[in-house]
Amino acid sequence: MILKVLLAGDGGQGVQTMADLICRTAFAKNLEVTHIPNYGLEQRGGASLSFIQISDDKIGYPKFSQADLLVILSNQGRERSLQYQIDSTKIIDVKELKNEIEDKKINLQNLNIFFLVLIVKIFEEKNIFTAADLYVQAEEKLSKKSNWSEIREIIKINIK
Amino acid sequence: MSDFIPVKFCNGCGYPVILMLLNKILKEMDLSAKTVLGLDIGCALLAWNFLPVNTFQTHHGRVTPTMLGFKRARPNSISIGCTGDGGAYAIGMQGLAHAIKRDEPITVIVVNNTVYGMTGGQVAPTSLHGQKTETSPEGNDDYPVLGPEFFKPLAHQEAFLARTAANDPKQMMEYLKKAIETQQAGHFSLVEILSFCPTHWKTKGAETINYLNNLKEVFKPGVI
Amino acid sequence: MSNDNKKFVTGGDMAVKAAIDAGAQMMYGYPITPATEIFTGWVKNKQKFLQTEDEVSAGFAVCGGVLAGQKVFTATSGPGHVLMQDGFIMAEGMRLPFVLFAAQRGGPSSGTVIYSQQEVMLACYGGNGEGMRLVYSPSGPEELYSLTRRAFNEAWQYRFPAVVLTDGYTLKTKSIVDFSFIKEIDNFPAYPLVSEEKVIHWPNIYTSEEELNRELVSAKTDFDKVTPLVVTSEIVQTDDAEILLIAHGIVAVAAKDALAQMRRRGQKIGLFRPVTLRPFDKIALDKAVGNKNVKKVIIVESSYGQLARLVKDDLDTTLGKPFEYIQYPALGIEVDEMITQIKK
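Protein chains in written order, with my numbering: chain A, 1 to 160; chain B, 161 to 384; chain C, 385 to 728.
Next comes chain A alone, as it looks inside the complex:
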């Protein structure tokens, strides 16, 4: 099994946090994982992309040209990730989820966690790891944050 995941958003949306949590969880489950962020000139405000690969076997080259799963959190993210889409790419796009985000009253600050949960649903289907697995890592990394109780709720609702 190998899964190529591309997260694409704006700097400041917490894309790297998402990547970090996915990677920690995969690592804790004894999976192989690599992560490389994009990086450019701006300290703030540029696009933030994360290339993640999860596999049972050792992974070689960290980047890829075609994503299996593409998660788009912003317009800039969408533009910058177009080249990594192919017909079979599963796409989770913020613009398709506007209503759901509103209905569930997801705070902008927690948008990345909301997306993380959607990603984990797919990972559960593929037997990679579960929301419960993610929760363990989220608690370790984020429990001291001011918005921890909201984060906890968003993840916990999805634990079976």
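Hints are computed from structural coordinates only; laboratory data are not their basis.
Fair warning: there could be bad hints in the mix.
[What the hints assert, rightly or not] In silico lysine-lysine, DSSO-like type, Cα no more than 30 Å apart, as pairs: (1) C:K609 - C:K391; (2) B:K194 - A:K145; (3) C:K567 - C:K432; (4) C:K567 - A:K29; (5) A:K156 - A:K126; (6) C:K428 - A:K145; (7) C:K609 - C:K567; (8) A:K126 - C:K390.
With chain A held as given, fit chains B and C onto it using these hints.
Then chains B and C, alone, in the frame of chain A:
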């Protein structure tokens, strides 16, 4: 400026206000067409497509010799170099010193935020004693260089060296104007401008302005 | 974050760990993306350091430390790598064990802060004169670690300055490393090249052509003696290969993936991977290219032919195999992309 150019500076950065006031002065003096703006490779590089003025990037620390080269080739231009405190007083210090010593008729704008911004916040030649950065985690044990004061002994009598701040627009415009007039009279000019950097100062809102005002205790605004 | 002996770390973390394990005592640095993390990583590990005013000073400070017998190093990239040649050539001229991490980014000029394989010539031959230097090109984080350990040892043992040539992608990629790969090896000790016990007078400029010529002959003789002891390359499935790929560094990582995929489809692909770029494994290169099964050789790199130049320089010209080039200057080469290009 007719077209909207998306700004890549961080929110709260001092560069946009500095560049816009520079533009204002150039327009008032009707010198936009003659002006050439050279940029250091640091946060200054982000201004490359910002103003309706010929602009090019140079190398980190090499803005001064580049702009004196341009000016010597085209003496009726207004040759301006824009750099940060690292480009001016660390890697660029030697080039700057010799341009001042030779009284090269160029204008150097030094945007001083006391830190290396674009590489993620390392110590700079103007970092305060005790300032914590990525490469001074226990607090800077060195003291900041006061650029204009340091170079004064090397400078020609008619050269203009001054310091102002991003939150003193009136003074900034006065000094920028005087700097350009000094160039037109054939002498070197340098304006150091204390600038906001909430990203690496880790400040928010009014904290950022207070931080800048506190810097004025060490880096005294005025004509040197 | 750990699991037995496994950690999720960046290439930069591995470089820093290797320097610490090698017994390095001091680092001079100047911030430049993407080498900055080696500097800040070293600082975070509470090691001795100084941020100089530029790369020129960093380079000469390293020379000074080495002369006093300190295991000292620096790290840079791109335009900083160019400036670093100033100090590095003094190390070549005086046979100083200068250790340099050179992280390749796009060039020329400020290029990009990101990635390339465009500093091969600079790392191998960036000086004036024919200075003798050791250049290592690691493929992946484990090799970045081991080659760094070698660089410190071989620089001090054989008295040649050494470059660990890496790139922005390798340094920034986080992956799971099983630290049990690390073998206990001895560190060759640093020793003062100038000491109080003995007075020496040491030039790097000579008054006549003959004097310099003698120094150059001597350095080359030593380098040639050391070559069989340090020269390293890797071959992958070259015995029956009909297409031979040549790649180094992170591009070789992708090449191995491409090779595995193409082999599963029955295509006979092999790989020659130079590990030391200086000295270059000429013997293994000729053997791999000269193999009777090889119908063509493809050199793959993220530059306009810098690896190709090294290969051509060392290759036995009588072998007569056709060469092709996959050149993506300053661009990463993904596995799929490489396979597509090889098929063409």
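The hints, checked one at a time:
no., hint, in the structure
1, C:K609 - C:K391, "violated, 39 Å"
2, B:K194 - A:K145, "violated, 53 Å"
3, C:K567 - C:K432, "holds, 26 Å"
4, C:K567 - A:K29, "holds, 27 Å"
5, A:K156 - A:K126, "holds, 20 Å"
6, C:K428 - A:K145, "holds, 23 Å"
7, C:K609 - C:K567, "holds, 26 Å"
8, A:K126 - C:K390, "holds, 24 Å"
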